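Peer 1: Protein sequences appear in the order of chains A and B.
The numbers in numbering that gives the first Met the number 0 rise by one with no breaks, and the one at position 268 of the first sequence is 267.
The numbers in numbering that gives the first Met the number 0 rise by one with no breaks, and the one at position 169 of the second sequence is 168.
Among the clues, some could well be false.
The list treats identical chains as one, so a pair stands whether inside a single copy or across any two.
What the hints assert, rightly or not - Simulated pairs of lysine-lysine, DSSO-like, Cα-Cα distance not exceeding 30 Å: (1) K104 <-> K155; (2) K215 <-> K1; (3) K104 <-> K263; (4) K104 <-> K215; (5) K189 <-> K263; (6) K219 <-> K155; (7) K145 <-> K99.
FYI, nobody ran anything at the bench for these hints, they're computed from the structure.
Bear in mind that the values here come from a model prediction, so they are computed numbers and not experimental data.
There are 2 protein chains.
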Amino acid sequence: MKLGELGEDRLLGQLLPNLLSGRTIAIGPGDDCAVVERPNRGRLLVLKTDCVVEGVHFLQGRKAFNVGWKAMMRPLSDFAATSAVPQFALITLMAPEQTKVAWVKQLYRGLGRAANRFGVSIVGGETSSTPGPIAISTSVAGFVEKDCWVSRRGGKAGDDLFVTGRLGGALKRKHLQFIPRITESRWLTKNFSIHAMMDLSDGLGADLPRLARASKVGFKVQMENLPLTRGARISDAISEGEDYELLFAISPRDRSRLQQRWAKKFPDLPLTRIGSLSQLSTKDNQLLSRGYVHFQQPG
Amino acid sequence: MKLGELGEDRLLGQLLPNLLSGRTIAIGPGDDCAVVERPNRGRLLVLKTDCVVEGVHFLQGRKAFNVGWKAMMRPLSDFAATSAVPQFALITLMAPEQTKVAWVKQLYRGLGRAANRFGVSIVGGETSSTPGPIAISTSVAGFVEKDCWVSRRGGKAGDDLFVTGRLGGALKRKHLQFIPRITESRWLTKNFSIHAMMDLSDGLGADLPRLARASKVGFKVQMENLPLTRGARISDAISEGEDYELLFAISPRDRSRLQQRWAKKFPDLPLTRIGSLSQLSTKDNQLLSRGYVHFQQPG
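Only chain A is shown next, with the shape it has when bound in the complex:
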C-alpha cells in the first residue's frame, strides 16, 4: 500500500500507538502541540533540530530502519556535544505519495528504537507530501544541568584536544548505525572540567575550525596521532565526516587523570589526544583540508 492510498490520519493512527509515552507527557502525538512537564530547577532547556535528506544523508534503497535510526541519532549527537539529556522528540516526515507504507513503518521502527536507546519519547510530529526526495526532520528537547553544560566556546590556548573513537570510513556503514556519545559526554562533564566540546559530523577539517573560532583560539593537530578506522586514511579522517565522535578541549593538567579513568570506564572506546589549542594567529592555524560542508562546492 502507498501513502497516497492510506491518508495522513490513518497513517498516524497506525504509527502513534507504537511510540513511547512517558509519565511526564500530558499529551503526546495526535493533538496540535505536544505538552510535557517542564525541566526541574537548576536545569536549562536544550533544543535541537536536524534533518536527513534522501540523496544527501542516505542513498535511495537504504533500509528504512537505518534511515530512521540516523534521523534520530543525528540530533542526539548534538545533545552529546552539549552534555545534555534528550527527553522529547518531534518528527516531520516529508515523503512522496507513492512511498510505500511499509517503508514508513520501518522508518518509524528505526526512529523509535533509536529514541528508546536513550529514553527519548516521540511526542508528536507532522507529515507532508512532497514532489521531491524523502526528508525527515527531527527536533529534540531535553535538559542540561547548569554545571554540566558545555558549548564550543570555552576552549583556551594550551588546552589538550581529544577525540573519542576512531575517525574516517564512516560512510561505509557506521553513518547509519552510530551511537551518539551521550553516556561518555555526561560522564566527562560530571568528572572533569571540559572547556569546549562538539560532535564531529562534517569531518575534523570542517568541525575543529568551528570550535576554534567559537573559542577565539587557534589549533595544532598531530596528523600522525589521528585515530583511524581500519582501512581509513588520514585524509578520510579529516574530510569524510559522519564520524559522530566527540571532540573536546581540556586543561593539560587533567591529562593523566582523564586517560587513566577513561580507560577504566570505557575500555572498548579509544580516547586520543590529537593536538592542542593555541593562541589565535592565522598563520599558526593549519590548513586542514575541508570536511563536508553543505552548499559548499569543492574548493
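Since chain A is already given, all that's left is putting chain B on it; use the hints.
Peer 2: Same frame as chain A, now just chain B:
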C-alpha cells in the same frame, strides 16, 4: 550569488546576527544545541514542529518573505490551538545548491518578522542541501499554564461550536499572510472554560471530525451559518483549508456572555456559532466533504 558558492558557515554567519536573542537564552544559533531557560513553575513545556514544502504549501516563484512568514506562523497557529505561548524556534532549511542567497535572506526576514510578531526567538537551526524542492521545517518550544491549557479532547455532547474569522478563499492570499489567533486563544482560556480547541489548517471538513473523534462525540454543523470569506462558497469553507482560524467547543451556558465580551474585545474579528457537538452516533454525523488531507487521494 548561489547557496553552493557561499557555503553553510558563511550563510549562517550572515543570517544569525539578524535573529532575535532574548535574555532567557544561554546560547543560541551557531552551537550544537540551543540552550535556554526552562519554563517557570506551574507551566507545561509545549513543543510543535511543522513544515512548508515548495509545490505543496507554496508555489515556486512566491515571495520568499511570505514563505518564511508562513513557515513560522503554521506551528504558531498550533500554539494558538493549545492556548500556549511560543518562545523559541528552530529552523531547518533544505534547499538546492542553486538557490539564490538573496532568496534565503528574504526567507529569514519573513521568518524573523513573523517570530518577532509574537516575541519568539529563533535560537538555532540547520541547513542542508537537497536535490529536491525547497522545504522549511520549523520547530517551536514554549509553555502553557496548567489551567489555561486546552486540547482537542475535552469536547462534550451539547457544547456549542464556534469559529473565529471567516472561512474559505485562503489560498488566494491569506495562507501566506495570516496571523495565528494566539491573542484570541489566550484571552478565551483566561476568561472562559474552553472544552476543546484546534486550529483549522486542513479545512473544517477534515479538522472538525478530528476534534470530534478526539473528544469521542459527534457533531452537527449549520452549513448556512458558516462565516464565509467574501466570494467563497460553503464548499470552499469546508474543503479548501489554510484558514488558520480557531474552532472550539464551549458550554451553551457561556454563549451570551462569550458573544458579548468577544464583540467588545475583538470588534473586527467575527465569532460565529456554527453548530454543536452531539452524542456519538455514526448516523448523526454529517458527511462533510473532505478537507485537504496529506497523502489522501480524492475519494
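Peer 1: Determine for every hint whether it applies to the structure shown.
Peer 2: Hint by hint, here is what the structure shows:
For the homomeric pair K104 and K155, neither the shortest alpha-carbon distance inside one copy (47 Å) nor that between copies (34 Å) is at most 30 Å. Taking identical chains as interchangeable, the C-alpha atoms of K215 and K1 lie at most 30 Å apart only when they sit on different chains, with a minimum of 29 Å there against 52 Å within one chain. Within a single copy, K104 and K263 get their C-alpha atoms no closer than 40 Å, and across copies no closer than 50 Å, so neither meets the 30 Å cut-off. In this homomeric assembly, K104 and K215 come within 30 Å of each other (Cα to Cα) only across copies, at 27 Å, whereas the closest approach inside a single copy is 46 Å.
With identical chains, the CA atoms of K189 and K263 are at most 30 Å apart within one copy only, with a shortest distance of 16 Å there and 56 Å across copies. Taking CA atoms no more than 30 Å apart as the test, K219 paired with K155 passes inside one copy only; the shortest distance there is 13 Å, against 67 Å between copies. When the C-alpha separation of K145 and K99 is checked against a cutoff of 30 Å, the pair qualifies neither within a copy, at 45 Å, nor between copies, at 40 Å.
When the structure is compared with the earlier hints, violations turn up for hints 1, 3, 7 and for no others.
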